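All chains, please: the whole structure from these sequences, using the hints.
Here are the chains, one letter per residue:
There are 2 protein chains.
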Amino acid sequence: MSRLDSAIRRLQAQQACIDHAAEAIAGLPGPVLELGLGNGRTYDHLRSRLPGREIFVFEREVAAHPDCLPPDSHLILGDFAETLPEAAARFGATVALAHADIGSGDPAASRRSGGLVARFVPPLLRPGGLLLCELELAVPDLQRLPMPRGVEAERYFYYRKPSA
Amino acid sequence: MSRLDSAIRRLQAQQACIDHAAEAIAGLPGPVLELGLGNGRTYDHLRSRLPGREIFVFEREVAAHPDCLPPDSHLILGDFAETLPEAAARFGATVALAHADIGSGDPAASRRSGGLVARFVPPLLRPGGLLLCELELAVPDLQRLPMPRGVEAERYFYYRKPSA
Chain A
1 MSRLDSAIRR LQAQQACIDH AAEAIAGLPG PVLELGLGNG RTYDHLRSRL PGREIFVFER
61 EVAAHPDCLP PDSHLILGDF AETLPEAAAR FGATVALAHA DIGSGDPAAS RRSGGLVARF
121 VPPLLRPGGL LLCELELAVP DLQRLPMPRG VEAERYFYYR KPSA
Chain B
1 MSRLDSAIRR LQAQQACIDH AAEAIAGLPG PVLELGLGNG RTYDHLRSRL PGREIFVFER
61 EVAAHPDCLP PDSHLILGDF AETLPEAAAR FGATVALAHA DIGSGDPAAS RRSGGLVARF
121 VPPLLRPGGL LLCELELAVP DLQRLPMPRG VEAERYFYYR KPSA
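Those protein sequences? They're chains A and B, same order as listed. Take 1 as the starting number for the first sequence in the working numbering and just add one per residue. Take 1 as the starting number for the second sequence in the working numbering and just add one per residue.
Mixed in with the good hints there might be a few duds.
The calculated label-pair distances, taken between Cβ atoms and stated as ranges, are [as the list claims (entries may be wrong)]: (1) A:Ser-163 to B:Pro-146: 51 to 59 Å; (2) A:Ala-89 to B:Gly-150: 47 to 55 Å; (3) B:Ala-63 to A:Arg-60: 18 to 26 Å; (4) A:Ala-63 to B:Ala-108: 18 to 26 Å; (5) A:Ala-88 to B:Glu-54: 56 to 64 Å.
Pulled a few chain A residues facing chain B out of the computed Cβ check, cut under 7 Å [what the hints assert, rightly or not]: (6) Ser-2; (7) Arg-3; (8) Leu-4; (9) Ala-7; (10) Ile-8; (11) Leu-11; (12) Gln-15; (13) Arg-41; (14) Thr-42; (15) Asp-44; (16) His-45; (17) Ser-48.
I should point out that these hints are in silico values taken from the structure, not numbers from a laboratory. Source: prediction; values computed, not measured. Think of the CB as a built atom: it goes at the ideal place given N, C-alpha and C, for glycine as much as any other residue.
Right, here's the structure in full:
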């Protein structure tokens with residue numbers, strides 16, 4: 001498989017998982033968190049699939065396309081090591097969906113971000129809340145869900161906080 | 001359509017066009033030119049679909065993934081404004097396929113590259129040779145071909161040098 005083939009499958013998995021999660025949380029109140037803005041492509045997808053839902057974006061430094069920026073009120077700037085621990089005070093355990101878009105060309109940086117997401121995001125989810133990530137996460141308190149139909153296993157990772 | 005949807009369609013169009021062109025030149029001798037290496041994704045795709053074919057890469061400054069670099073003997077470094085005019089002496093009119101991967105976040109830079117490709121690449125093609133580009137090019141001496149099945153019009157542009 002060429003890198004072009006592989007890139008297509010990765011983006012299709014992202015699309016399918018976000019579309020599936022957006023339907024799955026239709027009855028679940030609470031905000032959505034986008035962890036890592038990058039070029040803004042998945043943020044744009046989240047807001048297109050979840051009109052009216054509050055989406056908060058965590059990013060160290062904004063480098064997205066100008067059309068794909070969240071309003072300042074919904075942008076939480078800073079290193080995950082600081083912003084994720086602080087999120088508990090703001091969000092409690094109300095989050096319906098968190099999407100961790102933390103893959104990068106730097107595997108060590110991705111693993112570090114994955115560790116922070118695994119530690120600090122599960123407590124923010126409400127019961128039934130979902131966590132999507134390109135990387136496998138060590139989240140023993142969450143259930144791992146199977147991929148939506150048509151998505152290869154291991155392309156994406158899909159977790160759910162058990163309902164009380 | 002979100003930017004994620006749009007990115008998937010763009011890469012699928014790239015994949016479909018390259019696959020189609022790779023089959024179309026099966027009986028046509030001559031090298032392949034990749035104009036713009038970028039992250040190396042389409043170069044990797046070209047070499048996977050055209051094993052044994054010589055592929056020369058034109059790039060201003062290499063920033064590709066280390067797995068996606070051409071051998072030094074097949075890398076032509078420099079600005080298109082210099083390297084494309086010089087290519088006539090090296091390739092004559094022998095090229096079977098040129099893929100111009102010149103889209104970028106900077107529309108003015110893309111248009112400039114497109115102008116250079118339109119001016120200097122058609123003379124390098126052998127009769128029946130193909131030119132693929134993400135941008136529409138002003139190439140009156142080439143025929144515009146329809147997109148392969150399943151690819152939206154205007155996502156990619158596909159040209160052929162008439163056979164003598």
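Hint Ala-7 of chain A vs chain B: min CB-CB distance below 7 Å?
holds, 6 Å
Ala-63 of chain A versus Ala-108 of chain B beta-carbon gap, inside 18 to 26 Å or not:
holds, 20 Å
Restraint outcome when Arg-41 of chain A is required to lie within 7 Å of chain B by C-beta distance:
holds, 4 Å
Is the interface hint for Ser-2 of chain A satisfied, with its Cβ closer than 7 Å to some Cβ of chain B?
This interface hint holds because 4 Å falls under the 7 Å limit.
Should the hint that Ala-88 of chain A and Glu-54 of chain B are 56 to 64 Å apart at their CB atoms be regarded as holding?
holds, 58 Å
Let me know if the C-beta of Gln-15 of chain A comes in closer than 7 Å to any C-beta of chain B, holds or violated.
holds, 6 Å
Within 51 to 59 Å: is that where the Cβ-Cβ distance between Ser-163 of chain A and Pro-146 of chain B falls?
Holds, at about 53 Å.
Take the C-beta atom of Ala-63 of chain B and the C-beta atom of Arg-60 of chain A, compute their distance, and say whether it sits inside 18 to 26 Å.
holds, 21 Å
For the hint on Leu-4 of chain A, just tell me whether its beta-carbon gets within less than 7 Å of chain B.
Constraint on Leu-4 of chain A satisfied, holds at 4 Å.
Identify whether the interface hint at Arg-3 of chain A stands, where standing means a beta carbon of chain B within less than 7 Å of its own.
Because about 4 Å separates Arg-3 of chain A from the closest Cβ in chain B, which is inside the 7 Å limit, the hint holds.
Let me know if the C-beta of Thr-42 of chain A comes in closer than 7 Å to any C-beta of chain B, holds or violated.
holds, 6 Å
47 to 55 Å was suggested as the range; check whether the CB atoms of Ala-89 of chain A and Gly-150 of chain B agree with it.
holds, 50 Å
Of the numbered hints given earlier, the model fails none.
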